[in-house]
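Engineer: Residue numbering for the sequence shown follows UniProt numbering, beginning at 1 and increasing consecutively.
Derived from the structure by calculation, the hints contain no laboratory data.
Just so you know, these numbers come straight off a predicted model, no measurement behind them.
Accuracy of the hints is not assured; some may be wrong.
Unchecked claim - Taking lysine-lysine and the DSS-like style, the derived pairs with C-alpha atoms no more than 30 Å apart in a straight line are:
#1 Lys-51 / Lys-62
#2 Lys-53 / Lys-42
#3 Lys-28 / Lys-47
#4 Lys-28 / Lys-42
#5 Lys-47 / Lys-62
To be verified - So the derived label-pair ranges between C-beta atoms look like this:
#6 Val-38 / Gln-17: 44 to 52 Å
#7 Leu-55 / Ala-32: 32 to 40 Å
#8 Lys-28 / Ser-57: 41 to 49 Å
#9 Gln-17 / Leu-46: 40 to 48 Å
#10 Glu-37 / Tyr-58: 30 to 38 Å
#11 Arg-26 / Leu-46: 26 to 34 Å
#12 Gly-60 / Ser-18: 53 to 61 Å
#13 Leu-31 / Lys-51: 42 to 50 Å
#14 Lys-47 / Pro-19: 35 to 43 Å
Ideal placement from N, C-alpha and C gives every residue a C-beta, glycine not left out.
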Amino acid sequence: MAVLFPLHLELTHPSHQSPTPQDTNRLKHELAQYSGEVASLKGDNLKLYEKIKFLQSYQGQKQ
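Start from the sequences, fold in the hints, and give me the full structure.
Structural biologist: Structure below.
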């Protein structure tokens, strides 16, 4: 299971009004990483939901 880490939004040089190219690249990389983790977790949730529904229907047939 993927683990989400806090997004590091602080800038390398806080005195700058806009982020440096390094900050922008780092944040883009983190965003891509977290987007992948979100997609993976959504898939995991869907699989668990399907298993729960299957088990609930199986228990209903058994009674």
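Engineer: Against each hint, give a clear statement of whether it holds in the structure.
Structural biologist: Evaluation of the provided hints:
1. Simply put, Lys-51 and Lys-62 have alpha-carbon atoms about 16 Å apart, close enough for the 30 Å limit, and the pair holds.
2. A distance of roughly 16 Å separates the Cα atoms of Lys-53 and Lys-42; the hinted pair therefore holds under the 30 Å criterion.
3. For the given pair, Lys-28 sits about 29 Å from Lys-47 by alpha-carbon distance, which is consistent with the 30 Å threshold.
4. For a cut-off of 30 Å, the pair hint linking Lys-28 to Lys-42 stands: about 21 Å separates their Cα positions.
5. With a CA separation close to 23 Å, the supplied pair Lys-47 and Lys-62 stays within the 30 Å bound.
6. The supplied range of 44 to 52 Å is broken by Val-38 and Gln-17, whose beta-carbon atoms lie about 30 Å from each other.
7. Against the hinted window of 32 to 40 Å, the Cβ-Cβ separation of Leu-55 and Ala-32 comes to about 35 Å, which satisfies the hint.
8. At roughly 44 Å, the beta carbons of Lys-28 and Ser-57 sit within the given window of 41 to 49 Å.
9. Checked against the given bound of 40 to 48 Å, the beta carbons of Gln-17 and Leu-46, roughly 43 Å apart, stay inside it.
10. Separation of Glu-37 from Tyr-58 is about 31 Å and conforms to the stated range, judged on CB atoms against 30 to 38 Å.
11. At about 31 Å, the beta-carbon gap between Arg-26 and Leu-46 stays in the expected band of 26 to 34 Å.
12. About 59 Å separates the C-beta atoms of Gly-60 and Ser-18, a value consistent with the hinted range of 53 to 61 Å.
13. The hinted range of 42 to 50 Å is not satisfied by Leu-31 and Lys-51, whose Cβ atoms lie roughly 31 Å apart.
14. As the Cβ distance of Lys-47 to Pro-19 is approximately 38 Å, the hint placing it in 35 to 43 Å holds.
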